[in-house]
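Q: Chains as they are written, first to last, in our numbering: chain A, 52 to 406; chain B, 52 to 406.
By construction, these hints were calculated from the structure, which means they are not laboratory data. Incorrect hints may appear among the rest.
Since the list gives no way to pick out one identical chain from another, each pair is judged satisfied if it fits inside one copy or across any two copies.
[To be verified] Derived DMTMM-like pairs (lysine to aspartate or glutamate); straight-line CA-CA distance at most 25 Å:
hint	residue 1	residue 2
1	Lys213	Glu119
2	Lys376	Glu225
3	Lys210	Glu151
4	Lys376	Glu131
5	Lys210	Glu243
What you are looking at is a predicted structure, and each value in this text was computed from that prediction instead of being measured.
These are the residues of each chain, in order.
Protein chains: 2
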Amino acid sequence: MVAPLPAWPHPPGATVAEIGEHAIIAWIAAAAPLTSRADVIIGVGDDAAVVQPARNMVEVSTTDIQVEDVHFSWAHGTPETTGARALHVNLSDVAAMGAEPRHALLSLGLPATMPGTRLFGVLSGFIEAARAAGVALIGGNIARAPVLIIDVTLTGTAKPRKFLRRAGARAGDEVYMSGQAGAAAAGLAWLERREAGDDPGDAAIHGAVRRFLAPEARVALGVQVGRNRAASACIDTSDGLADALQQIAQAAGVGIDLEQETVPVHPAVGIVAARWSLDPWTLALGGGEDYELVFTVPKRARRRFLHAVRRSGLPPVTRIGQCVKTPGVRLLDVHGAVRPMPAGFEHFAAPGPNH
Amino acid sequence: MVAPLPAWPHPPGATVAEIGEHAIIAWIAAAAPLTSRADVIIGVGDDAAVVQPARNMVEVSTTDIQVEDVHFSWAHGTPETTGARALHVNLSDVAAMGAEPRHALLSLGLPATMPGTRLFGVLSGFIEAARAAGVALIGGNIARAPVLIIDVTLTGTAKPRKFLRRAGARAGDEVYMSGQAGAAAAGLAWLERREAGDDPGDAAIHGAVRRFLAPEARVALGVQVGRNRAASACIDTSDGLADALQQIAQAAGVGIDLEQETVPVHPAVGIVAARWSLDPWTLALGGGEDYELVFTVPKRARRRFLHAVRRSGLPPVTRIGQCVKTPGVRLLDVHGAVRPMPAGFEHFAAPGPNH
């Protein structure tokens, strides 16, 4: 006997925007339970799904849709960076599961009037990035669409029990992040606010713009940490550092104390914030698209973790806080006092049912 | 040493529409060769890709993007049929590989103003169809988009050497198809041309409309034929019967003689053709979206094939022609004389380099 689908818990007039992504995913997760197939280990709600097609391996799969004028714009990036980016946002999800990326499917929605040379650039950027990552493009789909749509599905593999999930943090675990926070947000702010003829000039701005337009997923880092079982949880910062911490805390029913002074903020954040009077902590904690990895590490696994990080090469990781029993994510100053979250992030302190 | 990507063989000013889907896919196939990973068995260009993650199994994966007002329209279908359809077009690709469908990823592009109840209908239709097919929805992605975009990735599994590929037909093989040709094209013609208050009335029209709005992929049929190694090639008729035959012929370097009088044409084709003075053979041979399966069957496998068909239950299959040495697809009348292809299909007789 098949259970009926859960009811739609929203008023009849509510639009998709009013309901919100989190509530939509929550309904899908309830309607598509894990138990529907015995070989599904992780279903809806993590960075990627995990299935076990054979006894000695698990397969991770993720998909990410990029829409022209929503996720990318020809005003900023080139066709090549746009193609590479479409792969890297998926590589980041596979890396956050500690899996080695293997196969990609590329689904394209193309406007009929799109110049072929632009498509060539997108495809070249995607395929070059796939080659560099050891990923085989094995198939896909082409359709007409009103704007360019690039939807990538990426699979990867890991050994059973040697992948990283979002849920798994325990009170006492230390929290680490790779790279620097706010780089992409600072890069985007610069691209959107610069005046005609404005040159990045500064190497920090240049790096931040690059990080936004052509992110580099932390694949080797995720694979090493997963293979060495050196973290209790992992997530990428595609939706920003504050959101990543919130997701990790909520998935495990723990809290996270984020030690503000230890967060490695990208140097462009301060420059951009000063020039246009923006709040640097909103950029650093709230800005998405960095595609860094956040790990929680049990104290007993600390040496193993740092060893795995060194083996993976760049980027370095930084300890930024600790998991605690009290739910919620708190920002602590250097004296351990709770600071207010930057504007827009107060709701992270006391998560509601759909967040 | 990595080889450079192939050059873009089109004039700088050519648009995507001028270049065409086949030429784009041909470039991608050349730029993303099979050899990029040892575990890839079938890459770009079949109904689905095939990889071998473990010794005793292969995994088939496909993706299909459906765009509002391109592939579906609220003027015709309901949210529920639209969601179910998005799964079935992918089920059909997995069925055409002879694989058992297993896991789906659902990637959605949502307009902010889309009513939540409409999304609920789409999700319900998709998930109910997935349950019925034994498919687990394991993940996905939600993004903003100017129109509704439903991109599904579906994986399935088969035993090594027990899946069906597009390439493999040999001269002398018989050609079979499931169900009836032209149903979806007739249904769409009726939906687009009916006048206000027009009722299907006729059961044939009703069935054709249903076939267009809510196709049923021939999963059990594909699985049985694959498992019994009862066909030398298989493809679905998503782009129409003539295109399917052309793809099979070209992939194997053979020709196909299609015996016109044996093609099982859906009864709505004649009704619609008579009412609006349309060419019935254009609908039957050229009309896409039927999602029937076309097989080529070696004579020695004929009994095994028909046995597999019976085991799969409905729909019946019909022998519609034969593979021959001379390349190209020809339409033969009951006396064996070559007839002209319906308007728009002449180019199938002598395929060009990109077709």
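Q: Does each hint fit the structure? Answer for all of them.
A: Okay, the hints, checked on the actual structure:
Taking the closest pair of Cα atoms, lysine 213 and glutamate 119 never come within 25 Å of each other, the shortest separation being 36 Å inside a single copy and 41 Å across copies. In the homo-oligomer, the alpha carbons of lysine 376 and glutamate 225 lie at most 25 Å apart inside one protomer (13 Å), although the nearest pairing across protomers, at 69 Å, exceeds that limit. Both within a single protomer and between protomers do lysine 210 and glutamate 151 lie at most 25 Å apart by alpha-carbon distance, with minima of 10 Å and 24 Å respectively. For a Cα distance limit of 25 Å, the shortest separation of lysine 376 from glutamate 131 qualifies neither inside one copy, at 46 Å, nor across copies, at 44 Å.
Taking the closest pair of Cα atoms, lysine 210 and glutamate 243 never come within 25 Å of each other, the shortest separation being 43 Å inside a single copy and 53 Å across copies.
In this structure, the hints that do not hold are numbers 1, 4 and 5, in rising order.
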